Amino acid sequence: MKSKADKKDLTRRLAEIVGDDAVLTDEQELVVYECDAYTLQKNLPTAVVLPKSAREVAAIVRLCADLDLPIIPRGAGTSLSGAVLAVDGGVMIALTRMNRVLNVDPRNRRALVEAGCVNAWITRDAEKHGLFYAPDPSSQPACTIGGNIATNSGGPHTLKNGVTTNHVLGYEMVLPDGTVEWLGVEPNGGEEVGGYDLRGAGIGSEGMFGVVTRALVRLSKTPPAFKTFLGVFASVEQASRAVSDIIAAGIVPAALEMMDQLITQALEEAYRFGFPLDAGAVLIVELDGLANGVEQQARQVDEICRQNKASEVRLARDDAERAALWKCRKRAFGAIGRLSPNYVTQDGVVPRGKLPEIMRFIRTVSERHDLRIPNVFHAGDGNIHPLILYDERDPAQVKRALQAGDDILGKCIELGGSVTGEHGIGAEKIDFMSRQFTRDDLEAMQQLRRVFDPEKRCNPHKMFPGAKRCAEFTQKKQVAA
Amino acid sequence: MSAAAQFLDQAKALSCVHCGLCLSYCPTYLETGNENDSPRGRIYLMRAIQSGQLGAEAAPVRHVDLCLGCRACETACPSGVPYGTLLEQTRDYIEKNHRRGLFQRLLRWIVIEQVFPFPWRLRLALLPVRVIRLLRLGFLMPRFAREMMELLPQRLAGGKLPAERLAKRPAKGQVGFVEGCVMPVLFGNTNESSAELLQRQGWDVITPRGQGCCGALYAHSGQLAKARECARRNIAAFEGQALDAIIINAAGCGSTLVEYGELLKDDPAWSERAEAFSAKVEDLVTWLDESRFAVSGSDEKVTYHDACHLCHAQGISAKPRALVKAKSSDRFVELAESDLCCGSAGSYNLTEPEMASRLQQRKVQHIIDSGAEVVVTTNPGCLLQIQSGLHKAGAHHVRAVHIADYLLEGESDDD
Chain A
4 MKSKADKKDL TRRLAEIVGD DAVLTDEQEL VVYECDAYTL QKNLPTAVVL PKSAREVAAI
64 VRLCADLDLP IIPRGAGTSL SGAVLAVDGG VMIALTRMNR VLNVDPRNRR ALVEAGCVNA
124 WITRDAEKHG LFYAPDPSSQ PACTIGGNIA TNSGGPHTLK NGVTTNHVLG YEMVLPDGTV
184 EWLGVEPNGG EEVGGYDLRG AGIGSEGMFG VVTRALVRLS KTPPAFKTFL GVFASVEQAS
244 RAVSDIIAAG IVPAALEMMD QLITQALEEA YRFGFPLDAG AVLIVELDGL ANGVEQQARQ
304 VDEICRQNKA SEVRLARDDA ERAALWKCRK RAFGAIGRLS PNYVTQDGVV PRGKLPEIMR
364 FIRTVSERHD LRIPNVFHAG DGNIHPLILY DERDPAQVKR ALQAGDDILG KCIELGGSVT
424 GEHGIGAEKI DFMSRQFTRD DLEAMQQLRR VFDPEKRCNP HKMFPGAKRC AEFTQKKQVA
484 A
Chain B
220 MSAAAQFLDQ AKALSCVHCG LCLSYCPTYL ETGNENDSPR GRIYLMRAIQ SGQLGAEAAP
280 VRHVDLCLGC RACETACPSG VPYGTLLEQT RDYIEKNHRR GLFQRLLRWI VIEQVFPFPW
340 RLRLALLPVR VIRLLRLGFL MPRFAREMME LLPQRLAGGK LPAERLAKRP AKGQVGFVEG
400 CVMPVLFGNT NESSAELLQR QGWDVITPRG QGCCGALYAH SGQLAKAREC ARRNIAAFEG
460 QALDAIIINA AGCGSTLVEY GELLKDDPAW SERAEAFSAK VEDLVTWLDE SRFAVSGSDE
520 KVTYHDACHL CHAQGISAKP RALVKAKSSD RFVELAESDL CCGSAGSYNL TEPEMASRLQ
580 QRKVQHIIDS GAEVVVTTNP GCLLQIQSGL HKAGAHHVRA VHIADYLLEG ESDDD
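Taken in sequence, the protein lines are chains A and B. Note that this note's numbering has the first sequence beginning at 4, numbered continuously upward. Note that this note's numbering has the second sequence beginning at 220, numbered continuously upward.
Hint data in this document are derived by calculation from the structure and do not stem from the laboratory. Please read all numbers here as calculations on a predicted model, not as lab measurements. Beta carbons: idealized from backbone N, C-alpha and C, even for Gly. Don't take each hint at face value.
Unchecked claim - Calculated lysine-lysine pairs in the BS3-like style (CA-CA distance at most 27 Å, straight line): (1) A:131 - B:538; (2) A:330 - B:231; (3) A:131 - B:544; (4) B:391 - B:379; (5) A:330 - B:538.
Claimed, not checked - Taking CB as the label site, the calculated pair distances span: (6) B:505 - A:406: 50 to 58 Å; (7) B:573 - A:255: 49 to 57 Å; (8) A:318 - B:553: 26 to 34 Å.
All chains should be built: construct the whole structure from the sequences, respecting the hints.
Written out as structure tokens, the structure is:
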């Protein structure tokens, strides 16, 4: 690290900006910030700061610019790709104290929120107006809007509703030199903005353009009617064919999710929803809209599932059962703790028609590496989430888990897909970038990055090949006896 | 890097997969925004202490101390991490391997070990409070003592239950009643109400004499050996009777009573007896039948605060609402963040007054915003904390009452 400041001096100067209780520099307190929900790589940041305002963020960023220190914006740390890993130390700016919903404007269907605001809180405050915030990543009770913007988060309902970029109208960002800019629609501004869509460029930039401090988000009207089905199939292939047929019939479900047997078994143990334990795969199909249209589509979906040999098509009886079903789906990753001490979630995309093929491939990978790989994924948009189970106490298993992930994502590229649907590249998937993109593509991306961050100090060593790796690649720290 | 003692159950600790879904359910994390004060962060610290990466030193101990033990994270956790158990194991280790400052040692020793678990000592300790209040000498006390005093209800009502009270209608059976330590001293009326409700619903109520503290304060503060002694004493006291259930009206005690099986699982002479005891424990609310209450004539708006040790530790949240709604009907309003800890957390409001007071203010603000005039709950600690918070905020129009007292209000005697 090229830091000119010794740690004591840094601590003092940060405390002058945010106060003593908002600066962590003791290694004993930095340990919990050494990784996010991707635990295969770990490294300590030099300091963690917990600012309360954009002004404080700007002052921290300017200080880091003076001292030539990396900055790492962090929300709740639920990233599954090491997006907020302090690869080379640096000052981690945790936005968890800037977590308010500042205002809900039902007339204009907008809400202004701070970057550390938890995704689910927007809907919590908007629902009394019959409105909701659409992007619904599974981690929505914990993850923050700032992080959602960084990774352009999706969720089960992206199939119909779109992803974060379709619902964030504008945001305030502290650029790496400490200037504060508002990109896109301003809090009191009209819906259209002239010029290039820099707002869009920053969404999905994985925190490498600056630190988002506030966001203006779009609220959507809660649909008047829902129908949510659970389709039970003997195999993933049959369920996949049903998915293709539903889309081919011109139906756009609000959500179209698949879970395989290992997942439903873990969820059943956790929540006792009543999943059939012998089913090879289950589909969750949700339709929403006006009651008549939903009714007609529901008959079609039911028919298509049965044509594809669904042994059962169960309709959620009421809101409570629907909520219970979604609770299961959204907590699927976490429930894996019941199966294995560690897992790495992959986030690949394949054309929908290739779902049966990639599922077969994942099964062979699972056998080849002798690792269990349950699957839960957004079938509607071909976004797969194989969960590779391993035990970090066994170095050989860790190696095989990494290789298995590599095999699967390689296959996604081969099938014409992508190595990330929604989790981002982060520190995890850097190696795949040069397999998915040409050198010219990558250089064009780097040029855009340099416009925002010429010195590459903002969340460095992510996304692009050639970045530095953490010296200690997993398993040393939390050694178990 | 030397491996410390294996105080954590390794399989349980490893069932945390670091997903972070617990974060925004944790009261202390919501207040500080510091990952060290979150369940995921604390488990990370516990594992680091266990592996020897960190010692039981001031910084990590500080963050473990700040945990309320409310177990809201267990409700949120998809992996089923038994956080409460990990916390007790860690606190037990910390108590044996970490030396605190003199004031904290004294405070913990007095509050946790010497006073609360003994009703008569508590009664004795309260004598000066009565005198000071009578003479209005509160201003002479040091701040921490004043804060302790503020927690106490304005009316101190004690009262013990007789050993046996018979059902007031054809008896369905008999239940044992756990009096608790704080309840008979500060909320004697509530024990009285609870027994009365049970009698009216057809239960003989037996209150065995040999019972004592449930051990919750010991277990939560890392003194498992003492907690086990309490458990053995209570098991023995209730064992001789043919009981359909063992009823407790304090959520904090209840959550410990249902875990006697876990607490004594390694004690061959007691493990089976402990399991049998725990299997019979029921919170008062789960044992009462809501169909027996009619909508009351009062026009007060009513809300309900979830005691952590009922809703998170025991997973009971629908039943108490059904009971309260049976009497309040459309005058029931939901409380924002109803299942977020009020800051009482056993002896927490005495050992961690600053955080306790922040959470108290947060809770009281939600109660005021709800427009309710009555807030009902199921735990003495929450009652003390909320009553004193309402008092401090000048919200004198709002009453905080135990569910047993609320349910008995306006019920006619001949029912």
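Residue 318 of chain A paired with residue 553 of chain B, Cβ distance criterion 26 to 34 Å = Once the Cβ atoms are compared, 28 Å apart, the range 26 to 34 Å for residue 553 of chain B and residue 318 of chain A holds.
Take a look at whether the Cβ-Cβ distance between residue 505 of chain B and residue 406 of chain A falls inside 50 to 58 Å.
-> holds, 51 Å
Confirm or reject the claim that residue 573 of chain B and residue 255 of chain A have a C-beta distance inside 49 to 57 Å.
-> Between residue 573 of chain B and residue 255 of chain A, where Cβ atoms are some 52 Å apart, the hint holds.
Compare the distance between the alpha carbons of residue 131 of chain A and residue 544 of chain B with 27 Å, and conclude whether the hinted pair is satisfied.
-> holds, 22 Å
Distance restraint between residue 330 of chain A and residue 538 of chain B, which requires alpha-carbon spacing of 27 Å or less = holds, 21 Å
Given the hinted pair residue 391 of chain B and residue 379 of chain B, is their alpha-carbon gap at most 27 Å?
-> Judged against 27 Å, a Cα distance of about 24 Å means the pair holds.
For the pair we were handed, residue 131 of chain A and residue 538 of chain B, check the Cα-Cα distance against 27 Å.
-> holds, 25 Å
27 Å Cα cutoff - pair residue 330 of chain A, residue 231 of chain B | holds, 23 Å
Of the hints listed earlier, there is not a single one the structure fails to meet.
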